[in-house]
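Engineer: Each chain is listed here by its residues.
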Amino acid sequence: MTPQQGAQQTLLSASELYCERDDRVLFEGLSLSISDGELIQLAGPNGAGKTTLLRLLAGLNRDFNGQLLWHNAPMTTVYSEYAHHRLYMGHLSAVKKSLTALENLRWLTAQDKASEEELWDALEQVALAGYEHTPCLQLSAGQQRRVALARLKVSKAPLWILDEPFTALDKDGVSWLERELQSHVSNGGAVIITSHHALEGIPGLRRIELGGVA
Amino acid sequence: MWQWLVRLYHRLGSPKWFYEMTERWIFWLALAAGGSAIVGLVLGLLYAPADYQQGDSFRIIYIHVPAALLAQSAYMMMAVAGAVYLIWRMKMAAWVAKVIAPVGAAFCLIALLTGAIWGKPTWGTWWVWDARLTSMLMLLFLYFGVMALQQAMESEEASYKAGAILALVGLVNIPIIKYSVEWWNTLHQPATLKLTEKPSMHPDMLWPLLIMIVSTYLFFALVVILRTRNEILWHERKRQWVRKILES
Amino acid sequence: MSLVRATVRRDLLLAARNPGEWANPLMFFLMVAALFPMAVDPNPEFLSKIAGGVIWVAALLATLLSLDSLYRADVEDGSLEQWLASGESLYAMSLGKALVHWCISGLPLTLMSPLLGVMLHLPEHAYFALFISLAVGTPVLSLLGAVGAALTASLRSGGLLLTLLILPLYVPVLIFAASAVYHAGIGMAYNGQVAMLGAMLALALALTPFAAGAALKLNLSR
Numbered sequence: 001m002t003p004q005q006g007a008q009q010t011l012l013s014a015s016e017l018y019c020e021r022d023d024r025v026l027f028e029g030l031s032l033s034i035s036d037g038e039l040i041q042l043a044g045p046n047g048a049g050k051t052t053l054l055r056l057l058a059g060l061n062r063d064f065n066g067q068l069l070w071h072n073a074p075m076t077t078v079y080s081e082y083a084h085h086r087l088y089m090g091h092l093s094a095v096k097k098s099l100t101a102l103e104n105l106r107w108l109t110a111q112d113k114a115s116e117e118e119l120w121d122a123l124e125q126v127a128l129a130g131y132e133h134t135p136c137l138q139l140s141a142g143q144q145r146r147v148a149l150a151r152l153k154v155s156k157a158p159l160w161i162l163d164e165p166f167t168a169l170d171k172d173g174v175s176w177l178e179r180e181l182q183s184h185v186s187n188g189g190a191v192i193i194t195s196h197h198a199l200e201g202i203p204g205l206r207r208i209e210l211g212g213v214a
Numbered sequence: 215m216w217q218w219l220v221r222l223y224h225r226l227g228s229p230k231w232f233y234e235m236t237e238r239w240i241f242w243l244a245l246a247a248g249g250s251a252i253v254g255l256v257l258g259l260l261y262a263p264a265d266y267q268q269g270d271s272f273r274i275i276y277i278h279v280p281a282a283l284l285a286q287s288a289y290m291m292m293a294v295a296g297a298v299y300l301i302w303r304m305k306m307a308a309w310v311a312k313v314i315a316p317v318g319a320a321f322c323l324i325a326l327l328t329g330a331i332w333g334k335p336t337w338g339t340w341w342v343w344d345a346r347l348t349s350m351l352m353l354l355f356l357y358f359g360v361m362a363l364q365q366a367m368e369s370e371e372a373s374y375k376a377g378a379i380l381a382l383v384g385l386v387n388i389p390i391i392k393y394s395v396e397w398w399n400t401l402h403q404p405a406t407l408k409l410t411e412k413p414s415m416h417p418d419m420l421w422p423l424l425i426m427i428v429s430t431y432l433f434f435a436l437v438v439i440l441r442t443r444n445e446i447l448w449h450e451r452k453r454q455w456v457r458k459i460l461e462s
Numbered sequence: 463m464s465l466v467r468a469t470v471r472r473d474l475l476l477a478a479r480n481p482g483e484w485a486n487p488l489m490f491f492l493m494v495a496a497l498f499p500m501a502v503d504p505n506p507e508f509l510s511k512i513a514g515g516v517i518w519v520a521a522l523l524a525t526l527l528s529l530d531s532l533y534r535a536d537v538e539d540g541s542l543e544q545w546l547a548s549g550e551s552l553y554a555m556s557l558g559k560a561l562v563h564w565c566i567s568g569l570p571l572t573l574m575s576p577l578l579g580v581m582l583h584l585p586e587h588a589y590f591a592l593f594i595s596l597a598v599g600t601p602v603l604s605l606l607g608a609v610g611a612a613l614t615a616s617l618r619s620g621g622l623l624l625t626l627l628i629l630p631l632y633v634p635v636l637i638f639a640a641s642a643v644y645h646a647g648i649g650m651a652y653n654g655q656v657a658m659l660g661a662m663l664a665l666a667l668a669l670t671p672f673a674a675g676a677a678l679k680l681n682l683s684r
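Residue numbers (the working numbering), protein chains in the order written: chain A, 1 to 214; chain B, 215 to 462; chain C, 463 to 684.
Same shape as in the complex, but just chain A (with noise of 0.2 Å):
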């Protein structure tokens, strides 16, 4: 079944769904589907339920009722796939201090198979020439993360799956992952991401909003 130019292909399908945590119902009957070229914003107020989503969607968190469809199979039988094609990013970056921002990287990127030049061109492009062989105790906050949002520009994979990924960036990083987003999308990607960041001018963009059944 190979998709049609310009039809669109659900990636990911989620039905049903219900999830509670310490008798506390944090969601339930909730459905949603997401495309190529498609971005879902998930919103709601803190405690609402927004990581547990994102995590239960990225197949880290199994302790919920209702179905998860990767290209139409259950997520849970296809899991070693699933996982070379969406790409998780949480609200921990992963970021040994120690270690030095290509080294980190290196790691990030471990399932990619990358080249070096990649890694070196992916640190430039998140401004950090110069910064390769710094050991990320020297670096800011801001550019710890950006060390991690690199690999954005390592990986292939399809989906993308961010938890809150403009927290700590500076204006020039936000309009950077504005753009990297965008690229994305219009590439044929697909990007499910929580921020209280408001994301405009993209296609294909959704607004999720969650909190309305607590």
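Everything labelled a hint here was simulated from the structure, so no lab data went into it. A couple of the hints might just be wrong.
Pairs of lysine-lysine, DSSO-like flavour, derived with a Cα cap of 30 Å [stated by the list, open to error]: (1) A/Lys113 to C/Lys679; (2) B/Lys230 to B/Lys458; (3) B/Lys392 to C/Lys511; (4) C/Lys679 to A/Lys156; (5) A/Lys156 to A/Lys113; (6) A/Lys97 to A/Lys171; (7) A/Lys171 to A/Lys153; (8) B/Lys230 to B/Lys452; (9) A/Lys113 to A/Lys97; (10) B/Lys305 to C/Lys511; (11) B/Lys305 to B/Lys458; (12) C/Lys511 to A/Lys97; (13) B/Lys230 to B/Lys334; (14) A/Lys97 to A/Lys153; (15) A/Lys156 to A/Lys171; (16) B/Lys458 to B/Lys392; (17) A/Lys153 to C/Lys511; (18) A/Lys113 to A/Lys153.
Dock chains B and C against chain A, hints included.
Structural biologist: The following block gives chains B and C in isolation, referenced to the frame of chain A:
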């Protein structure tokens, strides 16, 4: 037979069914445990002949041996219940595993204390690094570990899972610990009661012991059921059927 | 497997950058062993009898000290999330982490042990037994300890708790290893004890990574 087992499993998994079913068992269990304890103790303390070497002090085995046996099988039951929870996500199993831990530890402590009391007249000191006492002590440490871990975990679910994993690791380790301790200390009395061999005890001494073992297991079942019922009431406190019970 | 390999490489690199993390437990190993002659009896004859046991107890405590940090940082900085997200086997990941831990704790302990043997007047023909028992026994300590480290990685008082959970599980290793050294010292065969240690290593290699992998998942805060 298999169908019956599946049905039983599903019923045991339902807190409500368990609660209502055990309501009827409690009385008979208590009666059986109490009755057999009285019979066993009277026979053991008054009618069994004195040991030709140890005199009357041997009679502590009517407490010591059942407690030690129970402490070991309770750990096994706890680990099995934990495994059932890990594999099939059966909440009831997690509650059972949780309530067994302190009871098993208590019996372990009883076995150790009675062992020490028994040791004083027999060996002349309260504590000897005897193989069986030492592995009992290790078992107590294992119980402490499971309980401490369950206490420390923040979320309830994580505490059940962590406890179950540790109990399973402990379960694999218990035979190794037992074997190594026995090997380390080969200067110990042969086990008082070997189920696989012909018992070396006089039947008049043995019968009360068997009765006491049965009685201890019945008592253990009673305590575990009562404590599980408490867990059920607490966790299902928002359900209709529990509210009805609490209001009446 | 690429992330497992990358993690092993990264952890070794981290150990090279922060030598304190693995050197401090080694220092501790040395100091604890030095306490015994002062506290009990410096008489060489007496020391040579207890040397094997003392070195093993010290090695065990030093291993426990270094275990606490095995998974803690990875849980706190989000590396754990990335492992789970990678879809790679947690069995392989736990095995890799335990291997790295052995490289920076058990291996140097083994290499350092002859020094302690000299300090504690270990009988000459017991050196090889000490060396081989540590080489085969310390990986078991790392593997079993990794389960405890995974269980307690996100707990604030994890270090002490880890010790409580794991110490009783270390008893068989301690018994066979110390007895191997003792028997070698009095000129008796000790291959049975080493074989037992080898069997425990095989069992630990096969089973503990499952438990550690399952325990790791509990640390993903919800």
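Engineer: Hint numbers the structure violates, sorted upward?
Structural biologist: 10, 12, 13, 16, 17
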